[in-house]
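A.B. asks: The chain contents come next:
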Amino acid sequence: AQTVTQSQPEMSVQEAETVTLSCTYDTSENNYYLFWYKQPPSRQMILVIRQEAYKQQNATENRFSVNFQKAAKSFSLKISDSQLGDTAMYFCAFRAQGGSEKLVFGKGTKLTVNP
Amino acid sequence: GAGVSQTPSNKVTEKGKYVELRCDPISGHTALYWYRQSLGQGPEFLIYFQGTGAADDSGLPNDRFFAVRPEGSVSTLKIQRTERGDSAVYLCASSLIRQKNTEAFFGQGTRLTVV
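Chains as they are written, first to last, in the numbering used here: chain L, 1 to 115; chain P, 1 to 115.
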């Protein structure tokens, strides 16, 4: 079974600064995907960024980038130029390739961006 | 519709009652997932439908929980003899038939409170 661990229950950052959220996972699978989702108070999970395990290059989406270390099973999210609208819960998620392809989530990190 | 729609948005029920939660996926999405998110936790997988059939129901906690998707579109999650421990946000997600790197789109969830 896969597990996802987010060791930072809460983080805060000043507007315009950079913050990194940590995530580690455990799996025996070789082919899988990793995701970061944002959940604002509206409760809707919004995909921030995704990474395919077979790709060595770290994914980037505008101000969001990841540091994917496959051997260490680490998948951190870096948010640059933080904005007030980035305030939300952030969940790291794992999905194995094949089978039901269900998502396995961590417990989340509550990020607050301060003005 | 434009996105995944879940109704009701909030539901309060008495212990021992029966409840139904509805999910309208994005049109054309054949894969549908139900997740349960307890307070302070990440979403946990309940059940996965591919078309009309439940392809993976390994996450259902016990036989009080049941879900259907009779026409391969709308799905209903049914909970019998509700208990206070069933209180949570129930999230639905849909995606196109399994493809490489497909994205799951989430609804805003139903917050169930059992009193």
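The hints are simulated quantities; they were obtained by calculation from the structure and are not laboratory data.
There could be a bad hint or two in this list.
Stated by the list, open to error - DSS-like cross-link-like pairs, simulated, lysine-lysine; straight-line CA separation at most 30 Å:
| # | chain 1 | residue 1 | chain 2 | residue 2 |
| --- | --- | --- | --- | --- |
| 1 | L | K55 | L | K70 |
| 2 | L | K78 | L | K55 |
| 3 | L | K78 | L | K110 |
| 4 | L | K55 | L | K107 |
| 5 | L | K110 | L | K55 |
| 6 | P | K78 | P | K17 |
| 7 | L | K70 | P | K11 |
| 8 | L | K107 | P | K78 |
| 9 | L | K107 | P | K11 |
| 10 | L | K110 | L | K73 |
| 11 | P | K17 | L | K110 |
| 12 | L | K107 | L | K70 |
A.B. asks: Starting from K110 of chain L, check that the Cα of K55 of chain L is at most 30 Å away, please.
C.D. replies: Measuring from Cα to Cα gives roughly 28 Å; hence the hint holds.
A.B. asks: Does the alpha-carbon distance linking K17 of chain P and K110 of chain L stay inside the 30 Å limit?
C.D. replies: violated (34 Å)
A.B. asks: Can you confirm whether the C-alpha distance between K107 of chain L and K70 of chain L stays at or below 30 Å?
C.D. replies: Roughly 21 Å between the alpha carbons, so the hint for K107 of chain L and K70 of chain L holds.
A.B. asks: Between K55 of chain L and K70 of chain L, is the straight-line Cα distance small enough, at 30 Å or below?
C.D. replies: This hinted pair holds, its Cα atoms lying about 10 Å apart.
A.B. asks: Quick one, are K70 of chain L and K11 of chain P close enough, alpha carbons at most 30 Å?
C.D. replies: violated (42 Å)
A.B. asks: Are the Cα positions of K55 of chain L and K107 of chain L separated by 30 Å at most?
C.D. replies: holds (26 Å)
A.B. asks: Is the straight-line distance between the alpha-carbon of K78 of chain L and that of K110 of chain L 30 Å or less?
C.D. replies: holds (14 Å)
A.B. asks: Take a quick look at whether K107 of chain L and K78 of chain P sit within 30 Å of each other, Cα to Cα.
C.D. replies: holds (25 Å)
A.B. asks: K78 of chain L and K55 of chain L were given as a pair; does the straight-line alpha-carbon distance stay at or below 30 Å?
C.D. replies: OK: K78 of chain L and K55 of chain L at ~18 Å, within 30 Å.
A.B. asks: Would you check the hint for K107 of chain L and K11 of chain P, treating anything up to 30 Å between C-alpha atoms as holding?
C.D. replies: Holds - the C-alpha atoms of K11 of chain P and K107 of chain L are around 24 Å apart, at most 30 Å.
A.B. asks: Are K78 of chain P and K17 of chain P close enough, with their CA atoms no more than 30 Å apart?
C.D. replies: Holds, because 11 Å separates the two Cα atoms, which is no more than 30 Å.
A.B. asks: Please verify whether K110 of chain L and K73 of chain L have alpha carbons no more than 30 Å apart.
C.D. replies: holds (22 Å)
Consistency with the previously given hints fails for numbers 7, 11, ordered from lowest to highest.
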